[in-house]
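Visitor: Spelled out, the chains give:
Number of protein chains: 2
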Amino acid sequence: MYNFEYKNPVKIIFGKGQIAKLRGELPQNQKILLLYGGGSIFRNGVYDQVKSALEGFPMLEFGGIEANPTYETCMKAVEVVRQEKVGFILAVGGGSVLDAAKFIAAAAMFEGSDPWDILTGKYSQPIAKAIPIGTVLTLPATGSEMNGNSVISRKSTTEKLAFSSPVVMPRFSVLDPECIFSLPDRQVANGVADAFVHVMEQYLTFPVNAPLQDRLAEGILLTLIEEGPKILAFRNDYEAAANFMWSATMALNGLIGQGVPQDWATHGIGHELTAFHGIDHGRTLAIVLPGVMKSMRAQKEAKILQYGERIWGIASGTIPERIDQAIARTVDFFESLGIPTRLPDYEVGSETIDRICQRFEVRKSRLGEHGDIDFRVVRAILEDRL
Amino acid sequence: MYNFEYKNPVKIIFGKGQIAKLRGELPQNQKILLLYGGGSIFRNGVYDQVKSALEGFPMLEFGGIEANPTYETCMKAVEVVRQEKVGFILAVGGGSVLDAAKFIAAAAMFEGSDPWDILTGKYSQPIAKAIPIGTVLTLPATGSEMNGNSVISRKSTTEKLAFSSPVVMPRFSVLDPECIFSLPDRQVANGVADAFVHVMEQYLTFPVNAPLQDRLAEGILLTLIEEGPKILAFRNDYEAAANFMWSATMALNGLIGQGVPQDWATHGIGHELTAFHGIDHGRTLAIVLPGVMKSMRAQKEAKILQYGERIWGIASGTIPERIDQAIARTVDFFESLGIPTRLPDYEVGSETIDRICQRFEVRKSRLGEHGDIDFRVVRAILEDRL
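Protein chains in written order, with this note's numbering: chain D, 1 to 386; chain U, 1 to 386.
Warning: the hint list may mix true and false statements.
Here are the simulated DSSO-like pairs of lysine-lysine, each with C-alpha atoms no more than 30 Å apart in a straight line [what the hints assert, rightly or not]:
#1 LYS31/U <-> LYS7/D
#2 LYS129/U <-> LYS21/D
#3 LYS7/D <-> LYS129/D
#4 LYS31/D <-> LYS7/U
Calculated from the structure, these hints are not laboratory results.
Let the sequences and hints guide you as you build the complete structure.
Guide: Quick look at the structure:
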């Protein structure tokens with residue numbers, strides 16, 4: 001096990017009927033910005049529950065945060081935050097709204113000249129402060145409710161970049177599994193795939209003798225495999241919704257990745273597919289991961305075998321056969337959720353692969369737990385998905 | 001899964017050589033009280049590492065905290081804290097020193113009349129404030145490094161009582177697995193048993209459809225079973241020490257118990273064995289747990305069967321046979337660590353059982369996840385251990 005430092009002070013308020021507890025968590029003397037997306041919170045009743053909990057608090061609203069939230073929209077919200085002297089941001093929605101809230105919170109108090117530098121990393125200082133944030137999560141997937149991560153897209157340059165800072169970790173997050181009841185199949189499936197790949201990226205690397213971290217990761221994978229299909233089959237299964245929701249949070253609250261190598265290549269490559277073609281984030285991960293497993297099968301051999309055996313019960317066959325089976329079962333799982341896993345399913349062809357590889361070549365990116373995934377390997381990974 | 005609220009802001013600094021990082025974690029302008037126990041930190045070099053990290057900080061020392069820390073000793077430290085206007089307590093040691101630090105921190109700022117009421121629960125308000133605490137853990141066992149729990153004994157009345165409060169959670173805890181290298185077998189074995197039983201008390205109740213919590217718990221149990229014997233066989237196995245240390249912390253940082261029933265009967269009864277006979281805490285748990293499993297086998301049936309199968313591979317036989325086997329394997333595990341599990345092994349007989357049961361009768365205690373363990377059941381549990 002590697003040395004590590006871990007601190008996660010986010011307060012989780014979990015369960016049905018918990019949105020009413022917002023009242024006790026919000027600051028009394030601050031103007032609150034209620035941030036949300038495209039309107040699903042009006043249809044599922046969450047908006048009404050939140051408004052009722054906030055009665056009497058000084059508040060204004062900013063709606064219209066997109067899936068894959070844009071820098072352009074976020075900067076409009078930053079204007080509002082500054083002009084109205086907002087003291088607290090309450091993000092109500094899925095990972096996109098939460099990620100937007102984090103960027104807005106940091107950008108509003110940013111001390112550099114260009115807030116885009118929060119994402120490019122060109123600003124040399126760590127982010128010093130941010131407007132405090134609370135969240136009401138309506139879509140389990142990204143783990144944003146219990147971490148300091150945020151991913152923002154810039155329309156003008158088709159870029160999708162991430163930042164992470166402890167100062168934008170939510171003060172609290174309300175997780176009511178009943179929010180899942182009104183989600184379309186596509187969003188449930190995307191959320192399951194997103195959480196599943198988050199775990200894989202902290203698990204499927206190389207062994208460093210960290211058996212507890214392995215088992216925590218495997219526990220989340222097994223639970224997602226069990227519970228995901230139950231929710232797709234019957235949307236109002238509260239127990240399955242609760243187990244999925246808690247699994248998605250645990251998948252990316254930092255805990256399972258402590259003291260072990262990580263490989264975020266799937267996210268790195270997947271972001272480009274969203275940037276160029278607007279493919280749902282969860283789907284890009286389901287497309288890319290099998291390619292990463294195939295191209296990096298030598299480097300990841302020991303962990304792919306362990307994954308195959310403990311998750312899918314693959315205990316016999318030669319090593320290459322067992323690896324092939326583990327990859328095939330992973331693909332089958334995504335497809336069983338209704339997620340196509342090949343680029344042509346999304347009308348993406350070799351031209352996009354060229355453009356993505358060019359970007360990685362220009363950026364001199366080297367992804368993976370060994371830093372050995374350069375633009376050539378990215379090409380192999382994506383061509384495998386044609 | 002039940003509704004829950006969870007927040008754990010303790011910063012964990014984990015790994016070899018990490019004690020030097022203390023400098024960056026301590027307040028600059030506060031007088032620091034270095035709190036420790038009987039002197040093992042002088043023999044294992046931890047005292048020197050801490051002193052070197054603290055060079056230049058205003059500091060005083062208070063040593064002599066006992067295993068099973070006493071109210072009497074703690075109140076002497078409270079005097080020092082008040083007189084010297086201590087602003088931060090750095091606890092260096094095992095669970096006893098950490099638990100003492102929490103009580104001292106709360107007692108020094110207690111607003112009621114008698115600090116003992118922090119433990120009896122007679123003070124009607126929640127504990128409002130405490131001197132901030134940091135810890136350097138030298139003995140994995142209690143999980144005190146990442147929770148707000150504390151257990152204190154009172155010599156004058158042979159009582160052993162617990163309290164829990166978020167205000168006494170450490171600001172940070174340094175966990176250096178190399179501290180384990182100098183521990184005697186007995187303390188390693190006790191620590192493994194303590195952590196094991198912490199998990200069992202949050203796991204071995206009744207199913208509430210919380211598969212992730214179950215798997216997290218099982219992951220810790222399996223890791224303790226694997227790693228404990230390795231450390232006993234070869235004390236300087238850093239990897240095994242690290243895995244044990246992180247498992248013991250994860251066993252009682254609150255996470256695995258969220259949203260599920262809990263049963264702290266083993267601790268409740270075990271504390272009495274320590275109060276009357278001074279038996280090591282970890283050993284009392286290894287004595288009592290098999291009795292709890294036997295007496296509560298009907299109520300715990302589903303989870304005992306799951307535990308037997310997933311932890312010990314017991315997959316065949318009638319239900320009573322499988323339960324018997326699961327209990328037998330648990331006993332064998334404790335005994336394999338060198339921990340005797342029957343009362344006569346500690347020269348404890350039926351007279352003590354009478355005294356303990358009388359206490360539970362007077363207190364009208366009802367332990368267990370169903371609140372159905374009264375003094376009569378406590379008698380059955382303890383008589384089983386004769």
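Visitor: Now tell me, hint by hint, if it's right for this structure.
Guide: Verification of the hints:
Between LYS31/U and LYS7/D the alpha-carbon distance is near 25 Å, which keeps this suggested pair within the 30 Å criterion. Using a Cα cut-off of 30 Å, the hinted pair LYS129/U and LYS21/D holds, with the two alpha carbons roughly 23 Å apart. Between LYS7/D and LYS129/D the CA atoms are separated by roughly 17 Å; this keeps the pair inside 30 Å, and the hint holds. The suggested pairing of LYS31/D with LYS7/U holds, with an alpha-carbon distance near 25 Å, which does not exceed 30 Å.
When held up to the earlier numbered hints, the structure conflicts with none and fits them all.
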